[in-house]
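So the protein lines, in turn, are chains A and B.
Here the first sequence stands for residues 49 to 241, numbered as in the working numbering.
Here the second sequence stands for residues 49 to 241, numbered as in the working numbering.
Hints may contain errors.
Since the list gives no way to pick out one identical chain from another, each pair is judged satisfied if it fits inside one copy or across any two copies.
[Stated by the list, open to error] With a Cα cut of at most 20 Å, we get these calculated SDA-like pairs of lysine to any residue:
(1) LYS218 <-> SER232
(2) LYS153 <-> ILE181
(3) LYS142 <-> PRO158
(4) LYS239 <-> LEU149
(5) LYS218 <-> VAL56
(6) LYS112 <-> VAL127
(7) LYS239 <-> SER135
(8) LYS142 <-> VAL154
(9) LYS218 <-> THR126
(10) LYS156 <-> GLY80
Bear in mind the hints are in silico, worked out from the structure with no lab data behind them.
Number of protein chains: 2
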Amino acid sequence: MSTPQGYVDVRDSWYYILHPRPAYIIVAEANGKTNFMAASWVMPLSEEPPRIVVALDKESYTAKLIVDSGVFSVNVYTVNERDFVYSAGTISGKDTDKLSLLGAKVSKNPATGIPRIERPRPIGVIESRVYKIYGDVAEDVYLVVGDVVAAYADEKLFNERFGWDLRNTKILLHAAGRGFTTNSYVYVARKLI
Amino acid sequence: MSTPQGYVDVRDSWYYILHPRPAYIIVAEANGKTNFMAASWVMPLSEEPPRIVVALDKESYTAKLIVDSGVFSVNVYTVNERDFVYSAGTISGKDTDKLSLLGAKVSKNPATGIPRIERPRPIGVIESRVYKIYGDVAEDVYLVVGDVVAAYADEKLFNERFGWDLRNTKILLHAAGRGFTTNSYVYVARKLI
Numbered sequence: 049m050s051t052p053q054g055y056v057d058v059r060d061s062w063y064y065i066l067h068p069r070p071a072y073i074i075v076a077e078a079n080g081k082t083n084f085m086a087a088s089w090v091m092p093l094s095e096e097p098p099r100i101v102v103a104l105d106k107e108s109y110t111a112k113l114i115v116d117s118g119v120f121s122v123n124v125y126t127v128n129e130r131d132f133v134y135s136a137g138t139i140s141g142k143d144t145d146k147l148s149l150l151g152a153k154v155s156k157n158p159a160t161g162i163p164r165i166e167r168p169r170p171i172g173v174i175e176s177r178v179y180k181i182y183g184d185v186a187e188d189v190y191l192v193v194g195d196v197v198a199a200y201a202d203e204k205l206f207n208e209r210f211g212w213d214l215r216n217t218k219i220l221l222h223a224a225g226r227g228f229t230t231n232s233y234v235y236v237a238r239k240l241i
Numbered sequence: 049m050s051t052p053q054g055y056v057d058v059r060d061s062w063y064y065i066l067h068p069r070p071a072y073i074i075v076a077e078a079n080g081k082t083n084f085m086a087a088s089w090v091m092p093l094s095e096e097p098p099r100i101v102v103a104l105d106k107e108s109y110t111a112k113l114i115v116d117s118g119v120f121s122v123n124v125y126t127v128n129e130r131d132f133v134y135s136a137g138t139i140s141g142k143d144t145d146k147l148s149l150l151g152a153k154v155s156k157n158p159a160t161g162i163p164r165i166e167r168p169r170p171i172g173v174i175e176s177r178v179y180k181i182y183g184d185v186a187e188d189v190y191l192v193v194g195d196v197v198a199a200y201a202d203e204k205l206f207n208e209r210f211g212w213d214l215r216n217t218k219i220l221l222h223a224a225g226r227g228f229t230t231n232s233y234v235y236v237a238r239k240l241i
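For reference, chain A alone in the conformation it holds in the complex (with noise of 0.2 Å):
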């Protein structure tokens, strides 16, 4: 490869180049089995059908729950919550109880069916229905589609015009390894033409 003038080869930790992201926590249920896990590779895929996209290793115990029940949900945390997410992204649920050994509880919402973290209290969670999930597309990964089936927010932080209030919100972005960092305030952009 060519390398431009300034710029070095970042060929080994080329995902770290669409870093900071937000970190969420990923909870799903089946079989009377809870668990949750860490993700930062999560985004929203379509405004109209409402869906999103998250990608989880295959040999996650997470992604089994996921593809057991079809349902999961996308839980959002502040800086505050760091060592919770960093936590839950580094013990496997497989063989531990991750619940209790984090001092986490789950709730199911009562209208759909689908867990999402009741402490520590997220922010914001987004509760989905898989629409489809991509097994081929990568060796290692899933890629979840899935339906936005609800969508909830601290009440004193969203607003839906400008979302959350930057000033009072200090929303959790993951950076690399055990490194994480947050929003600043806002900066508003002009139209340069």
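Since the structure of chain A is already known, use the hints to place chain B on it.
Then chain B, alone, in the frame of chain A:
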């Protein structure tokens, strides 16, 4: 839907729950025409093979150029370039020459033939070759899966172990509408157990 206490149902602007997130410029060229657009619905998909996914409005001119050429790049900016990125996201290149309107310059990597922005200078670039385009997963949106064929970052701002040096790098993040933000410094997480 039953919204838990302390939360507000945000079904109409649900995707803002997943913001702020990095805002990029996507560049493509086909049949002698070059164009670019702003996008923040972009993420890594798999580490090995290195793959990314991008959600693109089917009607966008850049999406058409990607379908025709099979290649594109993702260009990363700092918050200093918010006016450029915002403007790139609000002007269509279909009937105008967006490059000259915005004073931008595009170059091709001689080794790969893939176009990137040269000016205003991005701090990082991922060059990608389309692996697969899913046109049936959302009505108005292509889900583009691309192989990463080159990845390079500003040699002063990035290192392979920690990614961006967040003390000195202010990544552009899109909040909502004209509102952008950037990262703060690094918080180091610790394991709870």
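Evaluated hints:
no.	hint	in the structure
1	LYS218 <-> SER232	both (8 Å within a copy, 10 Å between copies)
2	LYS153 <-> ILE181	neither (27 Å within a copy, 39 Å between copies)
3	LYS142 <-> PRO158	neither (26 Å within a copy, 48 Å between copies)
4	LYS239 <-> LEU149	between (50 Å within a copy, 11 Å between copies)
5	LYS218 <-> VAL56	between (31 Å within a copy, 18 Å between copies)
6	LYS112 <-> VAL127	neither (28 Å within a copy, 39 Å between copies)
7	LYS239 <-> SER135	between (42 Å within a copy, 5 Å between copies)
8	LYS142 <-> VAL154	within (17 Å within a copy, 49 Å between copies)
9	LYS218 <-> THR126	both (5 Å within a copy, 19 Å between copies)
10	LYS156 <-> GLY80	within (12 Å within a copy, 54 Å between copies)
In summary, the numbered hints that this structure violates are 2, 3, 6.
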